[in-house]
Structures are given as C-alpha cells and as structure tokens.
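Given next are the chains, with one letter for each unit.
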Amino acid sequence: MYSTILSGAIYGMESYLVQVEVDMSPGLPCFCMVGSLSGEVKESGERVRVALKNMGIHLPPVHIAVNLSPADIRKEGTAFDLPIAVGVLVSMEQLKKEETEGILFIGELGLNGEIRPVKGVLPIVRAACENGIRKCLVPKENEREAGMINKMEVLAASHLQQVIEYLKAGPDKKNRVLSPYQKKEREKEEGYSPDFADIIGQESAKRAAVIAASGFHNMLIMGPPGSGKTMIAKRMPSILPPLSEEESLEVASVYSIAGMLDEKNPVTRKRPFLNPHHTISPYALTGGGKRPKPGIISLSHRGVLFLDELPEFKRQTLDILRQPLEDKKVQIARTYGTFSYPADFMLIGAMNPCPCGYYPDRNKCRCTPYEIHSYISHLSGPILDRIDICVEAPKIEIGRLQSGEKGVNSRSLREKVMAARRRQKERYEGTSFRFNADLGPGDMEKYCPLGTEEKKMMETMFQSLDLSARAYHKVIKVARTIADVESSREIKEEHLAEAVCYYRAGEKVFDGGR
Amino acid sequence: MTVEDRENAYRYWLHNVPELGERAAARLVEVYGSARAIYETPQKEIEEILLKSGWRQKVVEKKMQAYTGFYGNWKVKENYEKMLDQGIKMIGIWEDGYPKRLKKLHSPPMILYYLGSLPAETDCAVALIGARECSEYGVYMAKAFGERLGREGISIISGMARGIDGIGQLAACRSGGHTYAVLGCGVDICYPASNRELYEAARERGGILSPFPPGTEPKKQLFPYRNSIVAGLSDAVLVVEARQKSGTWITVDMALEQGKDVYAVPGRLTDRLSDGCNLLIRQGAGIALTPEDIAAELFMLKNRQGEKKEQGENASSRDGKEKVGVSEREGQDEELSQFLDLTPKPADAILEKIREAGMEMTLPQLLFELVRMCMEGKAVQTGGNYFSKKMS
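Protein chains in written order, with the numbering used here: chain A, 1 to 514; chain B, 1 to 392.
Just so you know, these hints were derived from the structure itself, not from any lab. Each hint should be verified, as a subset may be incorrect.
[What the hints assert, rightly or not] Here are the simulated DMTMM-like pairs of lysine to aspartate or glutamate, each with C-alpha atoms no more than 25 Å apart in a straight line:
#: 1; chain 1: A; residue 1: LYS406; chain 2: B; residue 2: GLU356
#: 2; chain 1: A; residue 1: LYS455; chain 2: B; residue 2: ASP333
#: 3; chain 1: A; residue 1: LYS455; chain 2: B; residue 2: GLU376
#: 4; chain 1: A; residue 1: LYS456; chain 2: B; residue 2: ASP275
#: 5; chain 1: A; residue 1: LYS395; chain 2: B; residue 2: GLU376
#: 6; chain 1: A; residue 1: LYS492; chain 2: B; residue 2: GLU335
#: 7; chain 1: B; residue 1: LYS390; chain 2: A; residue 2: GLU459
#: 8; chain 1: B; residue 1: LYS100; chain 2: B; residue 2: GLU121
#: 9; chain 1: A; residue 1: LYS395; chain 2: B; residue 2: GLU133
#: 10; chain 1: A; residue 1: LYS456; chain 2: B; residue 2: ASP271
#: 11; chain 1: A; residue 1: LYS364; chain 2: B; residue 2: ASP275
#: 12; chain 1: A; residue 1: LYS329; chain 2: A; residue 2: GLU247
#: 13; chain 1: A; residue 1: LYS456; chain 2: A; residue 2: GLU490
#: 14; chain 1: B; residue 1: LYS353; chain 2: A; residue 2: GLU203
#: 15; chain 1: B; residue 1: LYS220; chain 2: A; residue 2: GLU371
#: 16; chain 1: A; residue 1: LYS135; chain 2: A; residue 2: GLU99
#: 17; chain 1: B; residue 1: LYS378; chain 2: A; residue 2: GLU454
#: 18; chain 1: A; residue 1: LYS395; chain 2: B; residue 2: GLU95
#: 19; chain 1: A; residue 1: LYS135; chain 2: A; residue 2: GLU246
#: 20; chain 1: B; residue 1: LYS63; chain 2: B; residue 2: GLU22
#: 21; chain 1: B; residue 1: LYS219; chain 2: A; residue 2: GLU371
#: 22; chain 1: A; residue 1: LYS395; chain 2: A; residue 2: GLU312
#: 23; chain 1: B; residue 1: LYS390; chain 2: A; residue 2: ASP466
#: 24; chain 1: B; residue 1: LYS75; chain 2: B; residue 2: GLU95
#: 25; chain 1: B; residue 1: LYS353; chain 2: A; residue 2: ASP198
#: 26; chain 1: A; residue 1: LYS395; chain 2: B; residue 2: ASP275
#: 27; chain 1: A; residue 1: LYS270; chain 2: A; residue 2: GLU14
#: 28; chain 1: A; residue 1: LYS406; chain 2: B; residue 2: GLU95
#: 29; chain 1: A; residue 1: LYS492; chain 2: A; residue 2: ASP443
#: 30; chain 1: B; residue 1: LYS353; chain 2: A; residue 2: GLU405
#: 31; chain 1: B; residue 1: LYS245; chain 2: A; residue 2: GLU371
#: 32; chain 1: A; residue 1: LYS416; chain 2: B; residue 2: GLU22
#: 33; chain 1: A; residue 1: LYS364; chain 2: B; residue 2: ASP271
#: 34; chain 1: B; residue 1: LYS378; chain 2: A; residue 2: GLU493
#: 35; chain 1: A; residue 1: LYS455; chain 2: B; residue 2: GLU369
#: 36; chain 1: B; residue 1: LYS378; chain 2: A; residue 2: ASP466
#: 37; chain 1: A; residue 1: LYS492; chain 2: B; residue 2: GLU369
Construct the entire structure; sequences and hints are all you get.
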C-alpha cells in the first residue's frame with residue numbers, strides 16, 4: 001500500500017517541505033530508499049527497521065520503496081527517521097492514513113524507538129507554517145524551539161510508541177497522550193548584564209558606543225592595555241534595543257541550523273555577542289564545509305561581532321568581512337550550489353594605538369612613527385572604510401578605580417538609543433534604509449542636508465584639520481546620528497565637530513608636522 | 001692631477017682599506033711619509049712595520065689578509081674621481097683648513113668627508129641634541145632654540161637624527177641660519193631617509209660631514225664616534241629632551257671631557273623624557289631658559305660681545321612678548337586653554353578637570369569647543385580624542 005507523510009528539510013538557510021512516500025508491493029524483500037540522499041539519510045532505513053523490530057513490529061517480507069520528494073534536492077540529516085517510520089506503519093496499515101494527514105513529522109530514531117533531537121527544526125516548522133500546515137510532531141528536546149512559531153500546534157514526543165498511541169487514539173483522547181505545547185509567557189525581560197555601570201570614566205567611549213548603537217555604525221576602539229576596550233564592547237548588546245519578534249526568529253533559525261540553539265531558552269531577545277580569537281580561520285568566520293554551516297559572522301547576525309586586537313587578525317581573514325559588511329549577508333559557493341546566510345552584524349574592533357600600546361603618551365611610548373604607521377597599516381583600507389566611528393579609550397587612573405563610583409547604567413543609555421532609532425524609523429519610512437549607517441554617498445543630499453553655517457564649517461574644518469575627501473560622507477553620516485541622539489531635526493555645528501573627532505581618531509595623522 | 005690630489009687619492013685608498021684602522025694607517029703614513037709610498041711598498045714590509053709597532057701577530061694577520069684582498073680591487077684614481085664627481089670633498093688632518101677644534105679630540109678623524117662646507121673657525125657653534133622619540137614640548141623647544149640661535153648667527157651642529165636633532169637643525173635652516181650635520185654613515189647616504197628635506201637644506205646652508213668614507217652604511221657602533229665629533233665641533237652643547245638612559249649622554253660626556261659648556265632645557269619632573277635634562281641641571285649644567293642666554297654667553301667666550309650684545313638684548317626683550325605658550329586668548333578660549341596641556345590629553349580628562357573647577361559642560365559641548373579652537377589654530381588635535389595646547 002502507498003502512503004505519504006509530510007516532513008521538511010533545510011538547504012542552507014532555506015527550508016522546504018518534503019513528501020516522504022512509502023510503498024509496499026510484492027517482490028523480493030528489500031528496503032529501498034531513493035530521492036537524492038546523502039549517507040546519513042540512507043542509513044535511516046536501517047534505524048527504522050531495527051527500531052520497529054525492537055518495539056515488536058516486524059516488517060513484512062515485501063518490497064518496500066521509500067522516496068523523498070522533491071527528489072532532485074539533495075537531502076541531509078537524520079530528521080527523516082520519524083516520518084519514514086510513520087509512513088511504513090501507515091503502509092503496513094497499522095495506522096490510519098487520515099490520522100497522519102496535515103501533520104509535519106521531524107525526528108531522529110534510536111534503535112530502541114527513542115526520538116532524538118535534530119538540527120534546524122525552527123526554520124522547517126516556520127516554512128511549514130507559511131505553507132499552511134498547522135500541526136507538527138517534533139522531538140521533545142526541540143519542543144520550545146518549534147513552539148516559537150505562533151499558529152502552529154506543536155506536539156513533542158520522546159518515543160515512537162507515544163507517536164503511535166497518539167495517532168491511534170480517538171479525537172477526544174488525543175490530548176491525553178500528547179498535549180500541545182503551551183507557549184509560556186515570555187520570561188521576564190532579560191537584565192542588563194553586563195551593565196555599562198561597571199565601567200568607570202571613559203565618558204567619550206560610552207558616548208561613542210551610544211552613537212554607534214543608535215545608527216548601527218561599526219566602531220573601532222583604540223586604547224592602551226587595560227583601558228577597558230573589551231569591557232565596553234561586551235556591554236554593547238545591553239544598550240542595543242532588544243530583538244524584535246521577527247529578528248529573534250531569524251537569529252534562532254541561524255542557531256538552529258548550526259545546531260547551537262539553547263534548548264532551555266531557545267528564544268531570546270538579547271542580541272548575540274561573539275568575540276572570536278584572532279587565530280580564527282577565514283572559513284570559520286564565513287561558514288565552511290562541503291555544505292557550509294553558518295560561520296561566526298552569521299551567528300552574530302543582528303548582534304555584535306567583536307574582534308579584539310584587530311591588527312593581530314590575518315589580513316585575508318579581515319578582508320573576508322568586506323562583502324558581508326556591504327551586503328548584510330554572506331554567499332558561499334560550493335559545487336552543490338550557492339548558500340546564502342544572513343550576516344547583518346555590528347562590527348566592533350579593538351586595538352592598541354601602537355605596538356607598545358601607550359601612544360600618544362610619550363612618557364611611556366617609545367615607538368617610532370614608522371612602527372606606529374606599520375602597525376596601523378595592518379588594517380586594510382576597505383575595512384577601515386566601513387568603520388564609521390573610531391574612539392580612543394584612555395587609561396584610567398588607579399584612584400578612580402578605587403573610588404567605588406558607578407558610571408551611567410545601560411538602561412538609561414538604551415533609552416537614548418531607542419529614541420534615536422525611532423527617529424530613524426520615521427525618516428526612512430517606506431525606503432530600504434533602516435539606519436543611518438546604511439546611507440551611501442548619494443543619499444546624503446536627501447537625508448542629511450546641511451545649513452549654510454554648517455557647510456561653511458565643514459569647509460574650514462576640512463582645510464584646517466587637513467581631512468581627506470573620503471572623510472566627508474562619514475563625518476556627515478555620523479553627525480546625522482549624533483543629531484538623532486540629541487533629538488535635533490537638523491544637523492548642527494556641534495554635531496559635525498563631534499563627528500570629526502570620531503573620524504580623526506581613525507585617520508591617525510601621526511606626528512603631523514614633524 | 002696635482003701632486004696633492006694624487007696623494008689624496010692614495011689617502012682615500014688607504015682610508016678605505018678594511019680592517020686596517022685609523023691608528024695603523026697613521027703609523028704607516030708616519031713611517032713612509034705618504035700614502036702613495038705605502039701603496040708601492042711590498043706587503044711583507046708593511047706587515048713587519050706593523051708587527052714592530054706593537055700590533056699583535058693575530059691582529060696583523062687579519063689586517064694583512066683584508067689588505068691583500070682589497071689591494072687589487074680598488075682603482076685608486078677612478079674611485080677618487082668618482083667621489084669628487086659626487087660633490088664630496090675630503091680634508092685630511094695634515095691639511096690646512098681641517099677644523100682646529102677637532103684636533104683637540106682624543107682621537108680626531110684622520111680624514112673628514114663633507115658635502116657643502118666645513119664650519120668656519122670663527123663661527124660660534126652649538127650642538128643641539130636630544131631624544132629621537134620626543135614629545136610635543138620637545139618639538140616646540142627644539143624648533144624655538146634652533147630657529148633663534150640660527151637667527152643669531154650661531155651654527156647648529158647635530159647628528160641629523162629623527163626627533164630633536166633633525167627638528168632643531170631644520171628650524172635653524174629655515175630661519176636662515178647655518179647647520180652642520182655629522183653623520184654616522186657615508187655623507188652620500190641620507191639617514192634617516194625621512195630627513196631628506198634637512199639633508200638637502202644642510203647641504204645648501206652648511207654642510208654634511210662624516211668621518212667615514214662615502215658608501216659606509218649606518219651602523220649602531222659608528223654613532224658614538226659620530227657623537228664625539230658633534231661635541232668636538234661645537235662650543236657648547238644644548239640638550240633639549242633626553243631620557244635618563246640615552247645616546248645623548250655620550251655627546252654630553254664627550255663635551256664635558258673637552259671642557260665645553262653643557263646646557264639643558266628644563267622639563268617637568270613627571271616627564272620621563274625630561275629626566276635626563278633635569279638630571280644634567282642637578283649635576284651643574286646651565287639652565288637654558290632662552291636661546292639668547294646661550295648666545296650671549298657664547299659670544300662672550302668668543303670675545304665678540306661688543307658686536308652682538310645689542311642684538312642679544314633686543315632678542316631678550318622680544319622674547320618677553322613671545323614667551324612660551326602665552327597668547328592672547330579671550331573669553332571662553334582663555335578659560336578652556338588653561339585646562340589644556342602641552343602634552344596631548346584625552347577629552348575625558350579635560351572634562352573632568354573642568355568639572356572639578358566647578359564649570360558645567362557636557363562632553364559634546366567640550367568637543368565642539370575644542371574642535372573649533374583647533375580650527376582657529378589655538379589648539380592641536382592628536383588622533384581623535386586627544387587635545388593639547390598649540391605652541392608655535
């Protein structure tokens with residue numbers, strides 16, 4: 001007898017539905033699987049056969065054919081065990097066909113019939129929901145993850161026996177066997193930990209952090225060892241607005257595909273923060289493998305990617321960031337096809353200003369101008385181009401550390417950021433832009449107009465401070481964000497002046513005039 | 001070719017013989033009377049002379065080995081003319097015109113190579129020396145002293161190094177003064193390459209000198225000897241900025257050995273870069289408060305105070321107005337600038353000081369004011385967040 005069961009699979013970031021077709025017909029007894037399958041999917045037949053046997057169900061000696069449709073996409077993973085087993089049972093007429101209709105099955109089987117968790121449940125369930133499916137059966141461990149999708153009735157089982165019982169039970173008894181997952185009220189708001197209040201002093205760095213967070217600008221922090229560069233970067237997620245429902249799903253989907261979703265708390269509103277060590281390989285950053293898994297940049301999607309000791313990273317590794325920083329996604333081409341993962345992250349870099357770390361404190365720093373220059377020039381121009389804000393974190397005196405004073409806390413900083421974001425949202429209503437950082441040179445006239453006074457100031461500033469033409473757009477872009485933070489409609493002179501400081505720190509006109 | 005020229009060509013050859021050393025060369029000249037005679041003497045004989053003169057067997061063997069290898073490869077006439085074509089002149093210690101001051105050195109260079117000219121015997125000369133990695137303050141002081149001493153007609157002698165040396169010399173050139181750069185390499189090599197402007201300027205407005213033959217690469221071990229010549233050529237040594245341990249001390253020690261005056265520009269006690277200067281002052285060095293002080297004392301030494309005194313006085317009164325770092329700022333700028341320093345300070349620290357003084361100000365406001373002051377040339381921005389007072 002022929003049966004068909006609904007399941008799903010992921011292909012890169014895309015998910016699609018799979019029809020698991022099982023047919024039993026007279027002939028030489030065998031268990032034959034087709035449909036462009038990879039090794040672990042082919043092994044599925046063996047797992048199903050043994051699991052059923054151990055539950056006392058023996059396969060009849062007939063020709064069993066299993067097809068996973070669409071048959072032209074290569075299937076991977078172990079999520080097809082459960083639908084195949086159910087399909088076999090339907091074909092054996094152990095289960096009624098009608099009972100399985102409209103339910104999405106995902107899960108891996110153990111030889112004893114136990115159902116084990118799989119990767120990528122969230123995106124599959126999400127795709128199913130979009131296709132009008134309203135019921136799914138997933139491994140117990142993946143319950144919360146699947147439960148993130150509203151409108152979907154999520155059933156979770158830990159053993160094949162439960163599934164059989166559920167499908168056999170009458171409509172009124174079903175809920176007693178497996179009850180649909182009840183979405184718990186969102187856990188209390190995540191705290192602000194770590195909090196900016198822990199950082200003493202560093203007012204300019206904090207200010208820069210607020211501006212960067214408001215306009216989603218990439219930021220570079222320079223400072224001597226121990227000035228708190230890493231502390232500042234780690235606290236960025238605490239002032240960025242919490243993830244929206246939609247964003248939260250996006251992030252969870254990426255983590256689900258990578259198999260890194262937190263089982264107990266899959267849905268978080270806190271933005272991801274990743275700080276890879278500088279020995280990281282280019283493939284770990286973008287995502288690699290025959291069938292690429294999401295890399296670090298995709299895992300920091302909608303969050304913060306922090307690169308400490310920026311000049312220590314290999315140049316090739318850093319250069320790989322260029323495309324994702326521009327396109328907000330990373331495309332990886334393999335023989336099987338091109339995979340695209342989201343990578344809309346905020347880049348924060350930290351570095352010492354010179355090899356010894358103490359420039360411009362000439363009492364301590366004995367680096368030659370050449371040494372300083374070659375240290376900075378480790379960073380390729382295109383990367384620095386994509387960093388709008390640069391700030392120096394000076395060393396903190398010991399006296400202040402012992403004073404026990406507290407800085408501004410993250411809560412009040414986040415409020416500022418949210419307000420600035422609201423203003424941007426209003427301004428970019430109906431356009432493809434979301435933040436000031438997205439603006440290109442061509443959009444300046446429209447969104448960042450300058451008054452006569454301000455234009456004059458830009459001119460004098462460029463002459464007297466000897467700035468490059470490249471600086472022009474960056475300065476105005478950042479000034480726009482500063483104006484948003486200060487809730488000013490127009491860009492004013494003081495906004496431009498401050499923006500220049502964030503540009504100059506990166507430009508490093510070292511030892512000018514000497 | 002004149003007779004002197006021919007002899008010079010052979011002297012040049014002798015000076016270029018590797019491993020021989022100036023002392024051995026001098027001894028050979030003493031014995032044979034001329035370098036040409038040495039050239040024509042069989043090597044066996046030279047070896048004997050050296051042995052008799054007290055050099056040890058092993059040393060002589062090494063010297064002679066190098067000598068033999070070198071002998072055939074050096075085209076005496078061509079190489080000499082090639083050097084002259086490059087505009088490089090040489091003067092031997094046996095010739096007239098060799099700086100008399102150098103003869104007082106413990107081991108004066110046998111031959112001095114130079115581009116441009118040699119310092120005149122009657123001129124006053126000051127060695128202006130200091131740290132290579134210097135602060136804003138050092139830059140300003142080197143400029144101020146270099147410029148005004150140059151204007152007074154005092155030659156600035158230094159090693160053309162990065163930092164204080166080069167800055168002081170260049171300032172002297174720009175103000176129309178003379179400067180002489182003594183190199184630790186051949187005069188045909190501009191080291192450090194970043195001082196190319198000074199190299200060209202010094203050639204025009206003074207000279208480039210070196211005790212080493214053209215083509216000698218800059219080597220660490222050559223610099224102390226270079227420093228002793230800097231000290232030897234000058235009437236006084238002025239230290240602008242130096243750490244407690246520094247190459248500057250070699251020059252200072254040599255100047256003291258030669259009985260020359262040493263002046264130091266005082267600095268703050270907290271500045272590591274001024275430690276050397278402050279220490280010198282404690283040990284009895286002259287305190288360089290104005291360039292004119294030094295000029296006046298030098299002219300007195302040279303018994304020329306009559307001609308120059310007037311000028312010196314004028315300069316002092318002029319100095320009163322120009323006094324370091326004081327300028328006529330008004331209103332807020334005046335107030336703000338008192339929180340600035342000569343060394344770059346982060347905006348955070350400036351803000352804190354302002355608040356301590358009881359003034360209300362936010363960071364963006366402060367940044368605005370500071371950037372405006374920079375635009376008007378009243379302050380200097382280093383990097384993005386560091387600001388200092390503008391000095392010159």
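Check your understanding: If you draw a straight line from the CA of LYS456 of chain A to the CA of GLU490 of chain A, is it 25 Å or shorter?
Key -> 15 Å, holds
Exercise for review: Verify the proposed pairing of LYS395 of chain A with GLU133 of chain B, using a straight-line Cα cut of 25 Å.
Suggested key: 21 Å, holds
Review point. Is the straight-line distance between the alpha-carbon of LYS455 of chain A and that of ASP333 of chain B 25 Å or less?
Key: Roughly 23 Å separates the two Cα atoms, so the pair holds.
Review point. Given the proposed pairing of LYS378 of chain B with GLU454 of chain A, does the C-alpha separation stay at or below 25 Å?
Key: Cα-Cα ~21 Å, so holds.
Practice item. For the pair supplied as a hint, LYS219 of chain B and GLU371 of chain A, confirm whether the alpha-carbon distance does not exceed 25 Å. Key: 19 Å, holds
Check your understanding: Is it true that the CA of LYS395 of chain A sits at most 25 Å from the CA of GLU376 of chain B?
Key -> 29 Å, violated
Review point. Are LYS378 of chain B and ASP466 of chain A close enough, with their CA atoms no more than 25 Å apart?
Key: Measuring from Cα to Cα gives roughly 15 Å; hence the hint holds.
Review point. Within a Cα-Cα threshold of 25 Å, do LYS329 of chain A and GLU247 of chain A meet the stated pairing?
Key: Holds, at about 15 Å.
Review point. Going straight from one Cα to the other, do LYS135 of chain A and GLU99 of chain A come out at no more than 25 Å?
Key: Answer holds: LYS135 of chain A to GLU99 of chain A is near 12 Å, not above 25 Å.
Check your understanding: Holds or violated: LYS492 of chain A with GLU369 of chain B, Cα cutoff 25 Å?
Key -> Since the Cα atoms of LYS492 of chain A and GLU369 of chain B sit roughly 13 Å apart, the hinted pair holds (cutoff 25 Å).
Exercise for review: Would you check the hint for LYS364 of chain A and ASP275 of chain B, treating anything up to 25 Å between C-alpha atoms as holding?
Suggested key: It holds: about 13 Å lies between the C-alpha atoms, which stays within 25 Å.
Check your understanding: Is LYS353 of chain B within 25 Å of ASP198 of chain A, Cα to Cα?
Key -> It holds: about 22 Å lies between the C-alpha atoms, which stays within 25 Å.
This entry does not satisfy hints 4, 5, 10, 18, 28, 32, going by the numbered hints stated previously.
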